[in-house]
Amino acid sequence: QKEVEQNSGPLSVPEGAIASLNCTYSDRGSQSFFWYRQYSGKSPELIMFIYSNGDKEDGRFTAQLNKASQYVSLLIRDSQPSDSATYLCAVKDGNKLVFGAGTILRVKS
Amino acid sequence: EAGVVQSPRYKIIEKKQPVAFWCNPISGHNTLYWYLQNLGQGPELLIRYENEEAVDDSQLPKDRFSAERLKGVDSTLKIQPAELGDSAVYLCASSLVGGDEQFFGPGTRLTVL
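The listed protein sequences derive, respectively, from chains A and B.
Here the first sequence is numbered in the working numbering, starting from 586 and rising by one per residue.
Here the second sequence is numbered in the working numbering, starting from 15 and rising by one per residue.
Heads up, some of the hints might be wrong.
[Claimed, not checked] Beta-carbon label-pair distances, calculated as ranges:
no. : chain 1 : residue 1 : chain 2 : residue 2 : range
1   : A       : GLN665    : B       : GLY17     : 22 to 28 Å
2   : B       : GLY42     : A       : TYR636    : 21 to 27 Å
3   : A       : ALA686    : B       : GLY17     : 47 to 53 Å
4   : A       : ASP640    : B       : ASP77     : 44 to 50 Å
5   : B       : GLU58     : A       : ASN607    : 19 to 25 Å
6   : A       : SER637    : B       : GLN31     : 24 to 30 Å
7   : B       : LYS92     : A       : ASP612    : 28 to 34 Å
8   : B       : ARG123    : A       : ASN638    : 36 to 42 Å
9   : B       : ARG78     : A       : ALA653    : 42 to 48 Å
10  : A       : SER617    : B       : SER21     : 29 to 35 Å
[To be verified] Within a straight-line C-alpha distance of at most 30 Å, the following computed DSBU-like cross-link-like pairs (lysine-lysine) qualify:
no. : chain 1 : residue 1 : chain 2 : residue 2
11  : B       : LYS92     : A       : LYS627
12  : A       : LYS677    : B       : LYS30
13  : B       : LYS92     : B       : LYS76
14  : B       : LYS76     : A       : LYS677
[Claimed, not checked] Calculated from the model, a selection of chain B residues having no Cβ within reach of chain A, i.e. all distances over 12 Å:
no. : residue
15  : GLY42
16  : ASP70
17  : LYS76
18  : PHE79
19  : ALA81
20  : GLU82
21  : LEU84
22  : LYS85
23  : VAL87
24  : GLN94
25  : SER101
Bear in mind the hints are in silico, worked out from the structure with no lab data behind them.
Where is the CB? At the ideal position from N, CA and C, for every residue including glycine.
Chain A extracted, bound-state conformation (with noise of 0.2 Å):
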C-alpha cells in the first residue's frame, strides 16, 4: 500500500503571511499529486493537480513538486481566515488516489 505522509498540525498563521503545507509520498514512480481542501464538516474539493516536477501557481495557490525527493508541497500565499481548513494531500496510485491524514490550517486575523 502506498503511503503519504503530512505533519497533522495544526499550522497557524497570521492573516496576510504564506502558509506552507507539505507531504511527502512512498511510491518513488508516482506520476500525479493533488491537494485538496476539506472545510469543517464538508466534503473534500480540488484545489490544484501537479505532474512535473517544479512550481505550478493559480492564483494565491502553487503547487511544488520535487520527484527526487518524493516530496510535494502547497504554499498559500496572503493567506486568509477563510483558508482555515484541512489540506489533503492525493497521490494516484493506478486509477484511485491515495490521501495523506491532512494538515489542519488556522489562518488568524
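Given the coordinates of chain A, assemble chain B onto it according to the supplied hints.
Chain B alone, transformed into the frame defined by chain A:
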C-alpha cells in the same frame, strides 16, 4: 451543473442493524467512487465503478459491505450488519473516465450506537 448528490446526510443506527447510502453522480461521469473517512484521516477508497462494473473493490469488507450500480448511474452502498467501528463519513465521488479530477458529494455521516 448539479454536483454529486448523496442521501441521507446523517444516519444513526444501533449496532447489528442494516444501513444503506445512496449516491447520484454528476451527469456524464461514468466513474463512481465510494470512500470511507474516519475522523482525522483522509478518505480511503472502498470501491470504484466504471459504468456498472466494479473495477476495484479490493478494500471493501465483503463480509458486511456490498455495493451496486445498476444502469451505471446511481449507486447504493450497504452495510449489514453495522458495527460500532463503522461510524464514519461515507463519501461518494465521481469523475469522467480516466479523468484526474474527482468531485465529492457532501457525504453521509453514520453513527452506530
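Each hint tested on the structure:
no., hint, verdict
1, A:GLN665 <-> B:GLY17: 22 to 28 Å, "holds (24 Å)"
2, B:GLY42 <-> A:TYR636: 21 to 27 Å, "holds (24 Å)"
3, A:ALA686 <-> B:GLY17: 47 to 53 Å, "violated (25 Å)"
4, A:ASP640 <-> B:ASP77: 44 to 50 Å, "holds (46 Å)"
5, B:GLU58 <-> A:ASN607: 19 to 25 Å, "holds (21 Å)"
6, A:SER637 <-> B:GLN31: 24 to 30 Å, "violated (49 Å)"
7, B:LYS92 <-> A:ASP612: 28 to 34 Å, "holds (32 Å)"
8, B:ARG123 <-> A:ASN638: 36 to 42 Å, "holds (39 Å)"
9, B:ARG78 <-> A:ALA653: 42 to 48 Å, "holds (43 Å)"
10, A:SER617 <-> B:SER21: 29 to 35 Å, "holds (31 Å)"
11, B:LYS92 <-> A:LYS627, "holds (22 Å)"
12, A:LYS677 <-> B:LYS30, "violated (35 Å)"
13, B:LYS92 <-> B:LYS76, "holds (10 Å)"
14, B:LYS76 <-> A:LYS677, "holds (24 Å)"
15, GLY42, "holds (17 Å)"
16, ASP70, "violated (6 Å)"
17, LYS76, "holds (17 Å)"
18, PHE79, "holds (17 Å)"
19, ALA81, "holds (15 Å)"
20, GLU82, "holds (19 Å)"
21, LEU84, "holds (22 Å)"
22, LYS85, "holds (22 Å)"
23, VAL87, "holds (19 Å)"
24, GLN94, "holds (25 Å)"
25, SER101, "holds (15 Å)"
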